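One line per chain: the protein sequences are A and B, in this order. Going by UniProt numbering, the letters in the first sequence line up with residues 1 to 211, in that order. Going by UniProt numbering, the letters in the second sequence line up with residues 1 to 211, in that order.
These are calculated hints, taken from the structure and not from any lab test. Predicted model only: the values in this text are computed from it and were never measured. Some clues are possibly wrong.
It does not matter which identical chain is used: a pair holds within one copy or between any two.
[To be verified] Straight-line C-alpha distance at most 30 Å; calculated BS3-like pairs for lysine-lysine:
1) Lys42 / Lys122
2) Lys5 / Lys156
3) Lys114 / Lys135
4) Lys93 / Lys43
5) Lys42 / Lys156
6) Lys43 / Lys143
7) Lys183 / Lys5
8) Lys93 / Lys42
9) Lys135 / Lys43
10) Lys156 / Lys43
11) Lys143 / Lys122
Number of protein chains: 2
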Amino acid sequence: MTTIKVHGSFFSTATLRVLACLNEKSLDYEFIPVDLRSGEHKKDPFLSLNPFGQVPAFQDGDLNLFESRAITRYIAHSYAGKGIPLVSSDVEKAAVEDVWAEVEAQRYEPPSAKLTWELEIKPMLGTATDDDVVKVQEAQLAKVLDVYEALLAHSKYLGGDAFSLVDLHHLPTMKYLMATPVKEVFYTRPHVAAWAADIMARPSWQKVLAC
Amino acid sequence: MTTIKVHGSFFSTATLRVLACLNEKSLDYEFIPVDLRSGEHKKDPFLSLNPFGQVPAFQDGDLNLFESRAITRYIAHSYAGKGIPLVSSDVEKAAVEDVWAEVEAQRYEPPSAKLTWELEIKPMLGTATDDDVVKVQEAQLAKVLDVYEALLAHSKYLGGDAFSLVDLHHLPTMKYLMATPVKEVFYTRPHVAAWAADIMARPSWQKVLAC
């Protein structure tokens, strides 16, 4: 019987990040849907799992965690022996992975989230996209991908020669962006395009998309 | 002879974060000042150390790193035997530390950085503070500190019973905020106030302030 529970929503990129990681490790889990539309995440009992009221929340036996990137790191370390390693056991290699994990969280995610909001969520809500915001955020994202392009010219993955948490963390926002004209920012950079195609094709991610 | 080099600026909170960590481990290092006013960080050779053009950059022998929180994590792991442990070696305890490290980076830092900009940097540059921005960001910070207050009522530090990287990461922005009226947001929450006083009094941090 599985001891892992994920409280989340399939609309949440942070939830998908955790599911992709669980799939990489072939771990069973119980998915407990949280109804974001009715604001279930802003009320008890959800607030006892994450006082900031955001999905996902995660339980493994008696351990309660939130913040998707802390959860994936826990899974990678706690289930190191299952599936492929998602973090390096070498201190220097792990440090390089950490650098690019910070880049994802601090530099790639903010423009990606704003572009997803403008180009995917707003149209769904019947609100007008702000083209000025799109222009500024697309330029921000392009700058980050320029650095990725230079790195990926001599490294198969962002954290080194092997797929790691760093690459995995990019997948959920990539899913949304690839359904918008912003995909050109990826496709016009050949190494970025090849990397994105490679990581999106992983069975662990395809399994998330099939949910 | 030390092999550690920090390329940075004493005006940069990210640089101070790394120096505090090196002091906790009593590690010698060479400090190489980067002149932010002349834009030295946006040109070669600095860009070869950090392609995003931000301080600090860090070298330990042949290893080059950037992103302050990746650097402190490397120091904590690579010099685990020196000074006190700054990360737990227990997987579950480390996971809880990681949760709060994410909270610092994603929730505490953004309003703190904006408040520092409005209340400390703008006056230095002779520009007017935007009071509306201050109000909004102070409310954001207050919400985060409400969660800290509840946690610190039953935990001496954010990551658990021992001082860790999580607490250390807060120090540089706290230094600036405590010199502004925003300090009341800390002082009006007794557990937060006691925690802030405790971590600011650490010799490692006092040594940074004496630079």
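Intra/inter-copy verdict for lysine 93 and lysine 43 if alpha-carbon distance must be at most 30 Å: Only across copies: lysine 93 and lysine 43 sit 27 Å apart there, 41 Å inside one copy, limit 30 Å.
As a check of your reading, is lysine 42 near lysine 156 (CA-CA no more than 30 Å) within one copy, between copies, both or neither? between (41 Å within a copy, 27 Å between copies)
For lysine 156 and lysine 43, with the copy left unspecified, which applies at a CA distance of at most 30 Å: within, between, both, or neither? between (44 Å within a copy, 27 Å between copies)
With 30 Å as the alpha-carbon cut-off, assign the pair lysine 42 and lysine 122 to within, between, both or neither. Within one copy only: 21 Å inside a chain, 35 Å across chains, cut-off 30 Å.
Between copies, within a copy, both or neither: which fits lysine 93 and lysine 42 at Cα up to 30 Å? Between copies only: 26 Å across chains, 39 Å inside a chain, cut-off 30 Å.
Can you tell me if lysine 143 and lysine 122 fall within 30 Å by alpha carbon in one copy, between copies, both or neither? Intra 24 Å, inter 27 Å, cutoff 30 Å: intra and inter.
With identical chains treated as interchangeable, where does the CA-CA distance between lysine 183 and lysine 5 reach 30 Å or less: within a copy, between copies, both, or neither? neither (33 Å within a copy, 39 Å between copies)
Up to 30 Å CA-CA - lysine 143 versus lysine 43, copy category: between (39 Å within a copy, 15 Å between copies)
Given identical chains, is lysine 5 near lysine 156, meaning Cα to Cα at most 30 Å, within a copy, between copies, both, or neither? Between copies only: 28 Å across, 33 Å inside.
Is it within, between, both, or neither for lysine 135 and lysine 43, if the alpha carbons may be no more than 30 Å apart? between (36 Å within a copy, 25 Å between copies)
Between copies, within a copy, both or neither: which fits lysine 114 and lysine 135 at Cα up to 30 Å? both (11 Å within a copy, 23 Å between copies)
In summary, the structure is inconsistent with hint 7 from the numbered list given earlier, while agreeing with all the others.
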